[in-house]
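Visitor: With the hints as your guide, set chain B onto chain A.
Protein chains in written order, with the UniProt record's numbering: chain A, 1 to 430; chain B, 1 to 430.
Be aware that a few hints might be false.
The list cannot tell twin chains apart, which means a pair is met if one copy fits it or any two copies do.
As the list claims (entries may be wrong) - In silico PhoX-like pairs for lysine-lysine, Cα to Cα no more than 25 Å straight-line:
1. K119 x K54
2. K355 x K173
3. K385 x K119
4. K160 x K173
5. K160 x K228
6. K286 x K119
7. K328 x K342
8. K228 x K251
9. K95 x K342
10. K385 x K251
11. K328 x K95
12. K286 x K173
13. K54 x K160
14. K54 x K40
Source of the hints: derived by calculation from the structure; they are not laboratory data.
Number of protein chains: 2
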Amino acid sequence: MVDIATRVWNHKWKIDPIVRSLIDTDFYKLLMCQSVFRNKPDTKVTFSLINRTKSVRLAEIVDEGELREQLDHIRSLSLSRGESTWMRGNTFYGKRQMFTPEFMDWFENLRLPPYHLEKRDGQYELTFEGSWPEVMLWEIPALAVLMELRSRAVLNSLRKFELQVLYARAMTKLWEKVERLRGVEGLRIADFGTRRRHSFLWQDWCVQAMTERLGDNFVGTSNCLIAKNRDLEAIGTNAHELPMVYAALAKTDDDLKQAPYEVLSDWHEEHDGNLRIILPDTYGTKGFLDRAPDWLAGWTGIRIDSGDPAEGAETAINWWRDRGEDPKDKLIIFSDGLDEDKILSLHKQFVGRVKVSFGWGTLLTNDFRDLTPDNSLAPFSLVCKAVAANGTPTVKLSDNPRKAMGPKDQIERYKRVFGVGKQEEMEVVV
Amino acid sequence: MVDIATRVWNHKWKIDPIVRSLIDTDFYKLLMCQSVFRNKPDTKVTFSLINRTKSVRLAEIVDEGELREQLDHIRSLSLSRGESTWMRGNTFYGKRQMFTPEFMDWFENLRLPPYHLEKRDGQYELTFEGSWPEVMLWEIPALAVLMELRSRAVLNSLRKFELQVLYARAMTKLWEKVERLRGVEGLRIADFGTRRRHSFLWQDWCVQAMTERLGDNFVGTSNCLIAKNRDLEAIGTNAHELPMVYAALAKTDDDLKQAPYEVLSDWHEEHDGNLRIILPDTYGTKGFLDRAPDWLAGWTGIRIDSGDPAEGAETAINWWRDRGEDPKDKLIIFSDGLDEDKILSLHKQFVGRVKVSFGWGTLLTNDFRDLTPDNSLAPFSLVCKAVAANGTPTVKLSDNPRKAMGPKDQIERYKRVFGVGKQEEMEVVV
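This is chain A alone, in the form it adopts within the complex (with noise of 0.2 Å):
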């Protein structure tokens, strides 16, 4: 039984690593740095650290030498035996050898590529840039360092009784919040909390409470480190970056607008069953799913990452309908920042009609807020994106304009390509 707080207590920062482990990042970006090494792996890509909450002033808050330390850190890092034999030999969504000879023998060599780091307006520049399969593998790291070097550079200052009470408070927060998801018959969560956890420890605890208390209603964790660790479920499909490179490639805007449907026939011929899981808001879901090619409609299911999430899963079902599927053979998964209300609710609108899972992330593993006086310890919207490929610039649109990146000209190109017309915004919560 780990004690946190006198973990936090005890702990040189200096010797205790963040990151322990190259698999100490989200199942999904080991799939999709796969299927990268397979289909594009001479892409060039530039990576950056986004923090959207402007407030949060990291660059004042967090050492810029601790923050080297820790990035260096994960550059001496590489996958350890036990390491390579759990990818090697284990069962991944029910398969074996998700991970192929090839890209295991590749991945068992890997160090992460160097980064570029400076300081402006209070925050930190942090960009990485090289082949697309090396680069890529940074997201999840450098955005769980940050995360945590700014939980540490709080708790730095509390004394032990504070440390033991803050704990206590946000293990009771949690308990709570996971009594209340107890017993709800159907319901399917996985932990997607990796990116913005409060720390590994605390992550890890929060799994521990989830496995626990929910038995086989947790359905896992995307963090492979952890999964490994408690014998649990690794849990992911692809995320964002696929698309918005592919589109980045594109030379003509008929290339683009076909982007988004060649990754996922690239994956089509990579996986089947729950692996085959749709995210259609890259550039607007409505005019993804509209033009989408018959055979998206055989996939397994959607996943809602923007947008209101039930009004995506409407959509969602009545795209299943229209092409002829059952939606009730689907499955929505939400991961947009989620809670435990909305979780409850979403559940109770969709369970019945559709097959739901949810990918509960920050508000799993980063519910510090009203914990401190000051509040220095609420999670905030750090983002680690790719920003260009080949030298040409990326574009998310998202079916939440806030969520928007991309130089402004060529948001108005991928929108016009799109045809996505005005968007209603809202909130980022986290």
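Guide: Frame of chain A, contents of chain B only:
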């Protein structure tokens, strides 16, 4: 920083004593012991354990072997050098040498006398017989042992993770209570929770929480060991056992009527200031005050330990006024079944009219209500009382007939002698 959950999990109970020192007891026990040592050293008394919560069948929960082991361990304790130094050298209530060299010489050589234990009707009959100053020191450790063995028996069935959540929730619960008491102008609270604590470590944690959060509003603890270890004031004055034994020793009804005042007359010679606190309810508060000699009105305060506390306080205030005293100079100590709501409302009602202080007991150091599914850790009402003195049974009437004790005919006799009429029954919370 003690991680209580881990300690509980790791502990092999057999090597971890519940009572770890002869001064792991209430301060008033030591004050009364000195008084008895001086005034009634040859009195033979019997103390007996009484579980007022019959539904908690202690003998079915607590293993007899473990109970004997803990009691035997207490008999092996003697005052350590550091403890003796603290008692001899410390300032109590602003006074040096509170304990006389004669008393300390005796106390340093003391070992607690034998106990008698048997099971009956699902309960333990635990009795102590011998000279008053020795036997009286069994009360607090005997209660603490039974309470904690009951806690341990329940905790023993919990898994590690459950223990961690349990203590996180208990800490959060207490922290929220203390938060409510924080910053209340003029509030004075002491820990009176030794006898019915969940465990020693837990009491110690509760005291730390009060120290951290309440600052000067937390005036100290009745527990001498914790007061010594944490450099706090040791708090307490006197208890029912003095008038109960004095009364039992009375040969005639007239002597009986005078006994409670004789107690206080002995006390008056030994103590002044904040140690001159009247405990008026042993044989009915109203009659006691009506018949009290005038010098008693000059005492510093009154402790209210049964009956309706607000009513008792009004009675005391009126009594002082009748005797020409200004209630504003007087102190009322509430110590019966307190929780934060009652503390706040009593404080609000009496602040400014009289000095007010609170001795917060069971619901400070043992509020594990509703933290286990079957409420198996809820505190219960266990007492250990002087039941006979020199062969005569003792009697307590109290201001709540449910707290009355003694043979029926003697209760009637006492009621007649002390002029106690009809009393209002009130639930005994803890």
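Visitor: Within a copy, between copies, both or neither: which one fits K54 and K160 at a CA-CA cutoff of 25 Å?
Guide: neither (30 Å within a copy, 41 Å between copies)
Visitor: Within a copy, between copies, both or neither: which one fits K328 and K342 at a CA-CA cutoff of 25 Å?
Guide: within (21 Å within a copy, 55 Å between copies)
Visitor: Given identical chains, is K228 near K251, meaning Cα to Cα at most 25 Å, within a copy, between copies, both, or neither?
Guide: neither (41 Å within a copy, 79 Å between copies)
Visitor: Reference check for the pair K119 and K54, CA-CA at most 25 Å: within, between, both, or neither?
Guide: So K119 and K54 pass the 25 Å test inside one copy only (14 Å; across, 69 Å).
Visitor: As a check of your reading, is K328 near K95 (CA-CA no more than 25 Å) within one copy, between copies, both or neither?
Guide: Cα proximity of K328 and K95: one copy only (24 Å, versus 80 Å across).
Visitor: Within a copy, between copies, both or neither: where do K286 and K173 come within 25 Å Cα-Cα?
Guide: Neither, since 37 Å and 48 Å both go past 25 Å.
Visitor: At most 25 Å between alpha carbons: which applies to K160 and K173, within, between, both or neither?
Guide: both (20 Å within a copy, 19 Å between copies)
Visitor: Can you give me the call for K355 and K173, within, between, both or neither, at a CA distance of at most 25 Å?
Guide: neither (28 Å within a copy, 38 Å between copies)
Visitor: State whether the alpha carbon distance between K385 and K119 is at most 25 Å within one copy, between copies, both, or neither.
Guide: within (18 Å within a copy, 71 Å between copies)
Visitor: My question is about K385 and K251: at a cut-off of 25 Å on alpha-carbon distance, are they close within one copy, between copies, both, or neither?
Guide: Within one copy only: 21 Å inside, 92 Å across.
Visitor: Is it within, between, both or neither when you check K95 against K342 at 25 Å Cα-Cα?
Guide: For K95 and K342, the Cα distance exceeds 25 Å both inside one copy (32 Å) and across copies (62 Å).
Visitor: Give the relationship of K286 and K119 under a CA distance limit of 25 Å: within one copy only, between copies only, both, or neither.
Guide: Neither, since 39 Å and 76 Å both go past 25 Å.
Checked against the numbered hints given earlier, this structure breaks hints 2, 6, 8, 9, 12, 13, 14; the rest are met.
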